[in-house]
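Asks: These are the residues of each chain, in order.
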Amino acid sequence: MRVTFPHMGNLWISLKAMLTYLGVQVIVPPPCNKQALQAGAKWAPEFACLPLKLNLGNFIQAREMGADTIVMAGGCGPCRFGYYAQVEHVILHDLGYNYQLVVMEPPEKHIGELLQRIKYITGQNSWWQVMQGIRFGFRKACLVDQLEKRAFYLRPREKRSGSTDKALQEALATVDAASNWRELEQAKHQAMQRLDEVKTVQRPVLRVALIGEIYTLLEPFANLELEKRLGEMGVEVDRSIYLSEWINDHLFLGLVRGMRSSKAFSQAAAPYLAHFVGGHGQESVGSAVYYARQGYDGAIHVLPFTCMPEIVAMGILPRVSQGTGLPVMSLIVDEHSGAAGVQTRLEAFVDLLARQKRHKGAFA
Amino acid sequence: MKGFLGIDVGSVSTNLVFLDDDRVVQHVLYLRTQGRPLQTLQEGLKKLSRLLPPKTVVRGVGTTGSGRHLAGVMVGADVIKNEITTHAVAASAAVPGVQTVLEIGGQDSKLIILRHGLVVDFAMNTVCAAGTGSFLDQQAARLNLPVDQFGELALSATSPVRIAGRCAVFAESDMIHKQQMGHSLSDIVAGLCRALVRNYLNNVAKGKPLLPPIVFQGGVAANAGMRQAFAEILGQEIIVPPNYHVMGAVGAALLAAEHALSGVPSRFKGFKVAQHSFATGGFSCHGCPNNCEIVEIREEGQIIARWGDRCGKWSQELDSGCGEVEKIS
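Top to bottom, those sequences are chains A and B.
Per the numbering used here, the first sequence starts with residue 3, numbered consecutively.
Per the numbering used here, the second sequence starts with residue 6, numbered consecutively.
Chain A with its partners taken away, still in its complex shape (with noise of 0.2 Å):
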């Protein structure tokens, strides 16, 4: 058996991670990029989000390695992912890529269920070292996380343009070589030292919050890298969903402490959208609330063409800019997004935001 699974962002650092530590094969897909998206929107169907595409892509490229078997998460709910697993791979077997599925979601009838499918990936492992797993897994996401706010703020201060980039790149390679808890803890050494050595300079800069639907959000080809191009234009982000926290607040109910968690999002947006409109609608208005709390200069909210829940939390928006002052820039992704027209976008809303701080005398 050689599993594979879709990408999303730096996930498959976990999910590798925790799937070698109990010994099953894994064949990672090639990163996201043009021939996996041109595979995926051939065969998915037009109005489909860009996160399906992106997994075809990942799917078929995955196949030519040799894997056999899916690992994907599902679920249940208004967002149309819940069947997503299920319609890629009827997809795949039309195409003659045979594929074992095996959708990771919450039982019908018996947590039985989900273990069952659990024990199918992990074969003669105890539960005890599928926890292990699971452990070594989440250990390496808060480690990648980390990895990442770090990014986040060397960026726009970086001496020399794109010194953080290389950094992160190698440090991710650390964290993702490390097969056991000991080299775990050296690499974690290793890595953070790696950023520490990009040179930085003091210049003022903007705080901008990147909030809306997860996938388009953890995945940098699908949003066109926008971490990366408003770092370069001298923009220290924060994003309001990072995976670690994600895995806490929905595999592990919230178990680990002292971890940022969605539900205070869900709080803030009560005045504008007080119950659950399926996918992170209700979490993408409540962050914004909460960037605009903690003083950030806007937030641009992503998400792919055809998202309902975001759509939702788009008309909102606007009332949420009005009524905190946070100025909101959407930006709509899929197949067909140019990067020049993203580039201008976030040019103008960057201009816009160090006019107005400037304006006010706020820049410190």
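To be clear, the hints were calculated from the coordinates, so they are not data collected in a lab.
Think of the CB as a built atom: it goes at the ideal place given N, C-alpha and C, for glycine as much as any other residue.
Treat the hints with caution; some may be incorrect.
[Stated by the list, open to error] Okay, the calculated bits of chain A under chain B, using three or more residues with CB under 8 Å as the criterion:
(1) 35-44
(2) 164-172
(3) 353-362
[Claimed, not checked] From chain B, some residues computed to sit far from chain A (all C-beta separations above 10 Å):
(4) Leu36
(5) Pro59
(6) Val62
(7) Ser71
(8) Met129
(9) Ser161
(10) Gly212
(11) Phe276
(12) Gly292
(13) Arg315
(14) Gly317
Using the hints provided, position chain B relative to the given structure of chain A.
Replies: Then chain B, alone, in the frame of chain A:
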């Protein structure tokens, strides 16, 4: 003569303007880009250098438009700014106190909201280009009308028909339907103008407060039908500034003039670049699975810029001398 050069390389048109030292527009060139931004820009520079007196000193150059980086590298620009900023700057200079700028170009439609000379909000068309210049162009061509007569024809309408304007494809089908029903061409064309204005207000303006004075610029502002439709639907006077079709270039030149005040000498390479051979090429980098598409720009065989790589392997190889970059200008 001394002055400032503004260049706007857009998807449909490439515009050049020359401002004198008092920031008065002296020369205006409006060229079709035709998918060849480098050649068009060179042609424009040649034409402009012929219009200018021999001893002209260019004290600063600004570029804007979707080809601003390409143009900036080519001519050696001092200021490279996005369209929102340049259009806002140009509009404020033309109509002091302007609060709303409607700008419709070839591919993009924009709305800029200013208060006290400061951009406070902006919007651009998101996923759809219905209601931009290209679509009007296409419809004019389909109806076999020169695009400059299009607007005049709309003004002669007696009872404009209602066209479904949410999407360019639907709009065209609906226009054909109304044609076959026997409506007059002028009524259909006027209806189309209104549909596009409605589309703009729904998809771009989205209920933002459009306070007067309202300036309408961009190539589409030439269209009398569109001007009238905006005036009727908004119930406001619509001001079209004299150089409405090249406001981006004007703004870029104004920003270059502002930049020159700081005393930094211009990086302009001179009009001689019009004679240089420029070539763009590209290749796929197979250094990693990202398979980035790298674009190279060569001047006289020498690579002067590269972009498109995610890791910086190719682009940073060039600027090794000037690694420090300026952020937020």
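Asks: Confirm or reject each hint.
Replies: Hints, verified against the model:
Counting residues of the segment 35-44 of chain A whose CB falls under 8 Å from any CB of chain B gives 3; the rule of at least 3 is met. Here the segment 164-172 of chain A counts 4 residues with a CB under 8 Å from a CB of chain B, which clears the bar of 3, and the coverage holds. Note: the segment 353-362 of chain A has 6 residues with beta-carbon separation from chain B under 8 Å; the three-residue rule is met and the coverage holds. With a minimum CB-CB distance of about 19 Å to chain A, Leu36 (chain B) clears the 10 Å threshold, and the non-interface call stands.
Chain A leaves Pro59 (chain B) outside its interface by the beta-carbon criterion, the shortest separation being 36 Å against a cut-off of 10 Å. No beta-carbon of chain A comes within 10 Å of the beta-carbon of Val62 (chain B); the shortest separation is about 29 Å. Chain A draws Ser71 (chain B) into its interface by the beta-carbon criterion, the shortest separation being 4 Å against a cut-off of 10 Å. Non-interface call for Met129 (chain B) relative to chain A: violated, since the shortest CB-CB distance, roughly 6 Å, does not exceed 10 Å.
Against the 10 Å criterion, Ser161 (chain B) stays outside the reach of chain A, whose nearest CB is about 36 Å from its own CB. A Cβ of chain A approaches the Cβ of Gly212 (chain B) within 10 Å, the least distance being about 8 Å, so the stated non-interface status is violated. With a least CB separation of 27 Å from chain A, Phe276 (chain B) remains clear of the 10 Å interface cut-off, as annotated. Annotated as non-interface, Gly292 (chain B) keeps its C-beta farther than 10 Å from every C-beta of chain A; the closest such distance is 12 Å.
Here Arg315 (chain B) does not stay apart from chain A, with its beta-carbon only about 7 Å from theirs, under the 10 Å limit. Here Gly317 (chain B) does not stay apart from chain A, with its beta-carbon only about 4 Å from theirs, under the 10 Å limit.
Violated hints, in rising order: 7, 8, 10, 13 and 14; the structure is consistent with all others.
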